[in-house]
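S.K.: Sequence:
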Amino acid sequence: MSAKDRTISSTSELSRDHWDTIVIGGGIAGLVSAWESVKAGQATLLVESRGYVGGQVASMMVGAAHVDIGAESFAPRGTAVTSMAEELGLKVTAPGGGRSHYFLPPVPDSVQTTWGLHRFPSGSMMGIPSDPASAEVRAILGEQGAMRACEDLTLPPHVGAECADVASFIEARMGRATLDRLVRPLVAGIHSQDPEKLDVDRVLPGMRADLLHHKSLAKAVGARLEKSSGPRGDVSIEGGMQVLIDALTAEILAKGGTIATRCGAEAICHTQVSSSDSSTAQWQVDIRDTTPASVPSAEPRRTPVGRLLTASRVILACSHAPALRVLTPLFPEAQECAFAPGAPIVRSFLAVRAEALDSAPVGPGLLVSPDISSVAECPVGAKALSQLDVKWAWIADELREAHGEHVHLLRLSYGRPGDEDRTPSLGELLHDASVLTGTDLGAEDVIDHRVIHWNGTLAQATPNLARRISALRQKAESLPGLLICGAWVSGSGIAGVVADTRQRVWGERRSFLFDR
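full-length UniProt numbering applies: residue 1 is where the sequence shown begins, and numbers increase by one.
It should be emphasised that the hints constitute simulated quantities derived from the structure, not laboratory data. Certain hints may be false.
[Said to hold, decoys possible] Under the rule of at most 25 Å between Cα atoms (straight-line distance), these lysine-lysine pairs were calculated in the PhoX-like manner:
(1) 91 - 39
(2) 255 - 39
(3) 91 - 255
(4) 227 - 215
(5) 227 - 91
Could you put the whole structure together from the sequences, leaning on the hints where they help?
M.R.: Structure, rendered in structure tokens:
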């Protein structure tokens, strides 16, 4: 029997009313919270309003290959994810195919008139070069842009250190060309937001302090890379990130935890339970059965059917909208922490038979710069392309086993801030893939084709919103037994979410064991 078969999907199936810990939300933060809790011997319930756990980590079959359709990798920053994977018996693996590429407009004032491919410069982090004078950086920025980037090495360290958003921070240190041609494509591709609207401490945690310490942004990046002993790019779990979700789910259940899908939190309430000689803090949690929303990206509907539970600890690990709904009755200022809608995110998959792709013309993939050129219009609508069989060995193996040689899996991503949600046609996908890979692809080459929408799931906090969220979290967690975890409070990215969650749950777990 699989772990999925051992989860329950109704409040009527719950075996008890009181729990040591109730985790609200079944994404990566919720699963990690529940896993840490059951390891401590706590009677733990995880509730997830959708019909599955994993949140933005999900998979499906495309062309007979298992493919991550949401988050596919994580930054190897720190050891929070890698140590967890090791404990679960999973192998962390780096992508194949070498360095990825940018697809960029012509350098201003150059003889070039068309968009072209540029390999990611070696020794860079989030597009920030550790050697702004390198030939690779000069080829991307042009001589004037590279000269301005090199000024970072001689500018006073305080320049840019007070900048709160990513764009102003990068531009102050290395200039507009570095921002637009190196950092913006990466940030827009990863976070689906303009760098002007992203909090620098969430996207580049600790980098402002490193700037002051090393007296140069380039040197700060170089120092971080030098300290990193493992892969410098993102990594994954062998077999895909869904393997991590399955392993966490299985471990939670094996250690006595309960996972209830199609069950969501209506409200939480902090109470005091008095006995003859003491008073103990306790949480009441109103759990309701849920049904799917009219669109997959919306929060599921809560029904009148439910159950009132109690717990010594509540870990609120769901996404921002349901979390703020639950917190607002307790903390009215939570209303000021609402997110603006995130960009529509569309991921399209093409399994194609094309011998020309055997040579991996773009390596593991590329990022398309937002169209900021006044010289040449961008010839594609996609914002990114990955050749997944080059990037991940298990996908190549599964495709080869099912179809023989010369079959490849491409992923094209669409959706930038301000775009309307839409489904790209097969013709558009083939056009963009042909332009970006330099390979003539037609409908007759297509073996399988899927389009997945992740609307609004990567809503990002502006610097001002991040400060309000931090204040709300601090106030909420002053109540005994309440923790708040997840991307909306820690910043997006699996590595950051897992590190923040494990750190907080470990602290609360020690307190719980001591109190007990």
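S.K.: Now look at each hint and say whether the structure bears it out.
M.R.: Each hint tested on the structure:
Between residue 91 and residue 39 the alpha-carbon distance is near 21 Å, which keeps this suggested pair within the 25 Å criterion. Of the supplied pair hints, the one linking residue 255 and residue 39 holds, its CA atoms being roughly 7 Å apart against a limit of 25 Å. This hinted pair checks out: residue 91 and residue 255 have alpha carbons roughly 22 Å apart, not beyond 25 Å. Our distance criterion of 25 Å between C-alpha atoms is met by residue 227 and residue 215, whose separation comes to about 17 Å.
Taken as a hint, the residue 227 and residue 91 pair is honoured in the structure, with Cα atoms around 22 Å apart against an allowance of 25 Å.
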